[in-house]
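Undergrad: Chain residues, written in single-letter form:
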Amino acid sequence: MARYVQARRSPAIQAARRLLRHRMALIGGVILFVLGAAAILAPALSPQNPLAVDLSRKLLPGFWDPAGSRQFPLGTDELGRDVFSRVLYGGRISLLAGIGTTVLATLAGLLIGSISLFSTRADTIAMRSLDILFAFPPLLLAMAVVAVLGAGLSNAVLAITLVDAPRMARVVRGQMLSVKSQEYMEAARAIGVSNIRMLFRHALPNVIPLVIVYSSLLIGRAILTIAGLGFLGLGARPPTPEWGAMLSQSRDLMLLGAWLPVALPGIAILLSVLGFNMMGDALRDSLDPRLQ
Amino acid sequence: MLRYALRQLAYLPMVLLGASLLIFLLLRALPGDPAALLAGEWATEEQVVRVRQQLHLDEPLYVQYVAWLGDLLRGNLGRSFRNGELVSTEVAARLPATVELAVPALVLGVAAGLVLGLLAATFRGTWWDNGVMVLSLAGIAVPVFWMGLMLIMLFSVKLTWLPLGGRFPAEGALTGPTGFLVLDGILAGRPAYAWDAARHLVLPVITLALFPMATVARVTRSSLLEVLQQDYIRTARAKGLARVPVLMRHALRNALIPVVTIVGISIGPLVGGAVLTETVYGWPGLGRYVVAVVIGRDFPAVQALVLFAALLFATANVLVDLSYALIDPRIRFE
Amino acid sequence: MGRATSGKVRALAIAVVLGLLAWVVVAAPGQAAPTPAPQPGGTLIFGRASDAVTLDPNDSPDTESTLVSGLIGDSLVRFKPGTLEVQPWLARSWQVLDNGTRWRIKLRDGVRFTDGTPVNAQAVEFTFKRMIDPNHPYNKYGKWNLALAIYEQLRDVKAVDNMTVDFVLAEPFAPFLTALASPRGSIVSPTAVQKDPQNFFKAPVGSGPFKVVEWRKDDRIVLERNDQYWEQVPYLERVIFRVIPENSARVLALVRGDIQAMIAIDPTSYEVLKRNAFLIVQQSPGLQHSYLAPNLLKKPFDDVRVRRALYHAINRKALVDNFWIGASLARGVMPTAMLGFHEGLKWPEYDPEKAKALLREAGLASGFKTSISTFDRGRSHTPEPAKAAQTIQADLAKVGIQVDINLLEINALLGDVRAARHDMYMAGFNPLIPDAWTIMFTQFDSRRAIIGRANNFSFYRNPEYDALNDQANQAANPRIRASIYKKMQEIIYRDAVRVDIADVDNVVAFRNVVQNLKNDPVGSFYMQYVWMKK
Chain A
1 MARYVQARRS
11 PAIQAARRLL
21 RHRMALIGGV
31 ILFVLGAAAI
41 LAPALSPQNP
51 LAVDLSRKLL
61 PGFWDPAGSR
71 QFPLGTDELG
81 RDVFSRVLYG
91 GRISLLAGIG
101 TTVLATLAGL
111 LIGSISLFST
121 RADTIAMRSL
131 DILFAFPPLL
141 LAMAVVAVLG
151 AGLSNAVLAI
161 TLVDAPRMAR
171 VVRGQMLSVK
181 SQEYMEAARA
191 IGVSNIRMLF
201 RHALPNVIPL
211 VIVYSSLLIG
221 RAILTIAGLG
231 FLGLGARPPT
241 PEWGAMLSQS
251 RDLMLLGAWL
261 PVALPGIAIL
271 LSVLGFNMMG
281 DALRDSLDPR
291 LQ
Chain B
1 MLRYALRQLA
11 YLPMVLLGAS
21 LLIFLLLRAL
31 PGDPAALLAG
41 EWATEEQVVR
51 VRQQLHLDEP
61 LYVQYVAWLG
71 DLLRGNLGRS
81 FRNGELVSTE
91 VAARLPATVE
101 LAVPALVLGV
111 AAGLVLGLLA
121 ATFRGTWWDN
131 GVMVLSLAGI
141 AVPVFWMGLM
151 LIMLFSVKLT
161 WLPLGGRFPA
171 EGALTGPTGF
181 LVLDGILAGR
191 PAYAWDAARH
201 LVLPVITLAL
211 FPMATVARVT
221 RSSLLEVLQQ
231 DYIRTARAKG
241 LARVPVLMRH
251 ALRNALIPVV
261 TIVGISIGPL
271 VGGAVLTETV
281 YGWPGLGRYV
291 VAVVIGRDFP
301 AVQALVLFAA
311 LLFATANVLV
321 DLSYALIDPR
331 IRFE
Chain C
1 MGRATSGKVR
11 ALAIAVVLGL
21 LAWVVVAAPG
31 QAAPTPAPQP
41 GGTLIFGRAS
51 DAVTLDPNDS
61 PDTESTLVSG
71 LIGDSLVRFK
81 PGTLEVQPWL
91 ARSWQVLDNG
101 TRWRIKLRDG
111 VRFTDGTPVN
121 AQAVEFTFKR
131 MIDPNHPYNK
141 YGKWNLALAI
151 YEQLRDVKAV
161 DNMTVDFVLA
171 EPFAPFLTAL
181 ASPRGSIVSP
191 TAVQKDPQNF
201 FKAPVGSGPF
211 KVVEWRKDDR
221 IVLERNDQYW
231 EQVPYLERVI
241 FRVIPENSAR
251 VLALVRGDIQ
261 AMIAIDPTSY
271 EVLKRNAFLI
281 VQQSPGLQHS
291 YLAPNLLKKP
301 FDDVRVRRAL
311 YHAINRKALV
321 DNFWIGASLA
331 RGVMPTAMLG
341 FHEGLKWPEY
351 DPEKAKALLR
361 EAGLASGFKT
371 SISTFDRGRS
381 HTPEPAKAAQ
391 TIQADLAKVG
401 IQVDINLLEI
411 NALLGDVRAA
421 RHDMYMAGFN
431 PLIPDAWTIM
441 FTQFDSRRAI
451 IGRANNFSFY
461 RNPEYDALND
471 QANQAANPRI
481 RASIYKKMQE
491 IIYRDAVRVD
501 IADVDNVVAF
511 RNVVQNLKND
521 PVGSFYMQYV
531 WMKK
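Residue numbers (the numbering used here), protein chains in the order written: chain A, 1 to 292; chain B, 1 to 334; chain C, 1 to 534.
This is chain A alone, in the form it adopts within the complex:
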C-alpha cells in the first residue's frame, strides 16, 4: 500500500483535530451509552408488552395529543401495540443481532486471516476462495442466502456473517502479513517459538486494535443490513419488533397521518449506526494518526 509522506502540521491544526476527535468520541459514546442502557433496561423502561395486541386501541397518537395516553407515550401501531416499547425492544434485537454478526464475522475473519502467518500456500487458497465471496455485492449475497435458508432473524445474521467474514479476514490478513515480516517475528521463529505462542503473544496483540476499529464499522453496517432485510420481509418475522420490519408494516399508515410508527424506528436505526460509526472514526483517529 502507499506510504504516506508524514505531513508536518501546525500546532493549531493538531489541536483542532484532537478536539474533533474528542467531540466525535464523546457524541458517539453518549449515543451508544444511551442505546445500550435502553436496550438492557428495555423490560424495565417499557410501559407495555411490545407484543400485546389490542385492536380496540390501534393507532393512538402520542401522549401530548388529547386522544393519546401516558400509558402509550408515543402512540400505538395498527395492532394496538405500544410504539415506544417496540422501539426499545427493537433496540435489543438490532444491537444483539448487529454485535452478534460482527462477533461471528470477526472470529471467522481472525481464524482465516491468521492462516497467512503459518502457510503461504494455505493462505493463497483461502484468499482465492474468499475472492469468490467478494465478487458479490453485499446485500445481494445476503438475499441469496436468505432465499435458500428462508426468512428469519437468525438466517439473516448468518447471511450477513457470510458477507462480512471475508472482509474482516482480509483486514486481519493484511495486518498479519505486515507483522509477519517484522524482525522480532523472524527472531522468534528462529529461536523456535511455537506457532500458537507466536500467534497469541505476538501477532494478535498487533492486530487487535485494527480489528476493533473495523468491527465498529461492521456493526453499524450490519445493523443497517439487518434492518434492510427486515424491511424487505426477508429478516425478522412478525411480530418481532425489529426496526426494519416495523417500518415495512407501518408504511401505509402515512396516508392516515399516523407518522410516529413510521418515523421512530428509522430514527432509532440512524442513531445506532451513527453512534457506532462515530466511535469507529474516533477510535481509528486515535489509534493511528496517519490515517484520516
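Simulated from the structure, these hints should not be mistaken for laboratory data.
Any given hint could turn out to be false.
[As the list claims (entries may be wrong)] A short, non-exhaustive set of chain C residues, derived as facing chain A with CB atoms under 8 angstroms:
hint, residue
1, Ser248
2, Glu271
3, Pro285
4, Ala318
Built from N, CA and C at the ideal position, the CB exists for glycine as well.
Take the given structure of chain A and dock chains B and C to it, following the hints.
TA: Showing chains B and C alone in chain A's frame:
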C-alpha cells in the same frame, strides 16, 4: 500495486466461475422437489416428469451445472418458475428503469459530494465544514429505505408536490429508442410527458444519491485536506499565489485520485441501495425484481440475477484496483 | 355609497350567497334526476396490487389473471347478472344423456372469434382437448392447473357436427354445467393457438367483449372493445388494468383520478376512500371465504379437542371487523349464499377459558409450539394476512400456544402446504365454480389429500365423508344434493376440522363517473354493460 491489480484481472474469470459454482450449489441445497414446485399445484404425474426432464433435474449435478453454464454463455438465463417467461426478457424489460435511476443518482451523488467536500476543505473549521461533516456522517448512517419513506411523507403526502412513487405518468409507458422515459418523451416531442416522468424520478434519485454523496464528500474532504498539508502546496502559498488557483491547479488533481476509487467502491452500496430504493418507491426496475424472485423462491431468476450482479461488481472492483494503480503516480512506481 | 346603504347591500349579498348555497346543496346529487342513457366511449383504468400471470383464459391460476381473461373469452354458459343462475351463452341448449355421463351441447350460430374464424364445435373440442389431453399437440403450452381440477371428470370432448359437441364424463357430475360457466372453460380460437402457441398466453384470441392490445408486465394490460361482439357491444372503448402494488399509492391514484377503479381494498385504504365525495365503494355479495386450517397430519392437531380449542381461542369477530372490508363472520365452511349451506350449526364461540380447559383435557395444559403459514401480501379474500396472523398469534398466546409466523409468496406457500409441511395455513379462496362441490370435495375429501398434490390443506381423511361426497356428486336433484351436503357439514362440524374466519364480499371502489360496474361470480366484471358519464 500494479502487479496486484493485474493479478486480480487475471484471476477474474476464475473468480467468476467460482462464483457461478457457489450460486449453483447454494440454490440446489434446498429441501423439496423443485420439479413439483415448478409444475404447479394441479400438475399430473406426467407433467412433473416432463418438467424434471426439461430442467435436467434427473441428471447428476455436474451435468446440470455445465448445461446451465452453457445456457448462460449463450444468453439463455433460464425460465422463471413463476410465469415461465425467459429471465432474459424479464431482465431486459426492467434494466432501463434501473439504469435511468442509478446513473443520475451516481452522478448526482458524486458531483454533490465533490462540491461539498471541496467546500468543507476550503473553509475548514467553519460551519460549512462542520455541516458537511455532520451531513456526511448522517448520510452514511441513515437507512436508505427510511429516508425514502420520510421524503415521500413530506413531498408526496403532506405537500403533494411530487408523485407517490412509481415510474410512469398516468398514461403509461412510452415506447422509445432509449428506453428512458424522460429522454424518449423529449425525443417524441412531448415535453409534458417528459416533465411528468422527470417528476417521478426526483425523489428516488435523491434517495439513492445520499449514500454516495456522503462517502464522496468525506473522502474528498480528507483527501483535499491531506494534499493541502503537503509541502509543495505550502511552498506555492508561501510564494504568494492566491488560494483558489493553487487549490484548483495543484491540490485538486492529486486529491481526486482516491475519489476515483471511491466512485468504484460506491457501486456495491449502489446495488444494495437500488434494491431498497426501488422497493420503497415501487420503481419497476431490477432491484424490485430481485426482491420479488427471492421472496418467490424463483431460483432460475435468482441464480441469473445474482450472478449478473457478481459479474458487474467483480469487474468493477478489478477496474477500480487497476485505475487506482495506474492513476496514482506514487503508487505506480512502488 | 353611504354606510347604511352598504350595510343593506352586504346583507342582500349574504342572503343571495346563502340562497345559492342552499340551492346547490339541495340540488346536489341524490336528487331525483332521471337516469341518463349509456353513452359509448371512454377508457376505464383499473388499479390492482398484482399483475396477471397469464391471459390465456383456460390456464388462469388465480383471480388476478381471470379478472382480465374473463373479458377476452366467452364460456358456453354464464351466470345471469346478479344471480347464480346459469343461462345459455355460447351454448344455445343442452341435453344430458347416458345416465349423466354425456352432455350434448348445441352451439349458438354466427359467433366469431376476434380473428374472424367461426366459433364452432371443432373450436370447442380443440379448447378442451388442449387442456385435458396430455397428448394434444398444444397441451404443453400451459399448466392447466385449475382447469384440470374443475374438469376432473371430463374424459373426452367430441365434435358431433359443426354446431354440436359431446362432453363425455367418467362419472355423472351434477355441477358440470356450473363448471362450464367458469372462465377457464372459455372457448379460444384454434387458429390463433396454432399460429403462435408460445405467445398465445400474452395475446389470446377469444370471442369475448374485449381483445388484448398490449401487455406490459408489471405495468399494465390494455384491452380494447370488440366491435363485432355478438351480444352487447361494450360502451367502453378501452379497459386498462394497471399494477400499483403499494396500497397507499393505489388509493392516492384513485383519489387523484389517475385510475378510476380499484380492487383489493384493505381497511386502511377504506378509511381514506370513504371520506371522499367523488368515490363510491361498492360491496356486492361474493363467494370468497377465508379460513385457518390446521394440518391434521401434524401433532397435536390430530386431536379434535385441540382443534376445537383453536376455535374457542381465536376472537374471529375482532379479526373480521379489523382486517376485512365488506366481510362478515363465517358461519360455516362455505359462504352462506351457496346452495347447501347448513343454517343450523352452532359453531364454537370465542371463549379462551374453554380453550384452556380443552387443552388441559388433551394433556396440553402447558401449551405447545406451532406456526402459521400465510401470504406475504394481500389478496382479495385476505387483504391483511400479516396483521391477521399476528392477531391470531396474540390470541393463541393467551391460552398457551406459541406461534411462529411464516409469510410466504404465493408459489412458495402453495408448495409448502401441498406437501403438508405447514402446521397451520391461513388462507382464503374464491371458489373455482360457485358450487358447493368446490369446497366440499376439493377441500375435505381424502382423494384431494395426497401429499405433494393436495388441495385439502387440512389433510382431513375420513372415508365416511368421502362416501357421502360420491353420493352428492351423482345426485341430479339439487335438493337431495343440498341435504347430503348438510350432512357432510355436520361431520366437519363434529370433527372441528378447521377454523373458518370470514365470508368476504366483492368490494370495488370507483369514481362516480363509472356506471353499472357489476361483479360476476367468477372473479371478473360484466364489463360490456359499463359506461362512463362524461
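Undergrad: Under 8 angstroms is the threshold here; is the Cβ of Pro285/C close enough to any Cβ of chain A for the hint to stand?
TA: violated (26 angstroms)
Undergrad: Go through the hint on Glu271/C and say holds or violated, using the shortest Cβ distance to chain A against 8 angstroms.
TA: OK, holds: Glu271/C within 8 angstroms of chain A, min 6 angstroms.
Undergrad: Hold the hint about Ala318/C up to the distance rule: shortest CB distance to chain A must be less than 8 angstroms.
TA: holds (5 angstroms)
Undergrad: Holds or violated: Ser248/C as interface residue toward chain A, Cβ cutoff 8 angstroms?
TA: Result: holds, 5 angstroms to nearest chain A Cβ.
Checked against the numbered hints given earlier, the structure breaks only hint 3 and satisfies all the rest.
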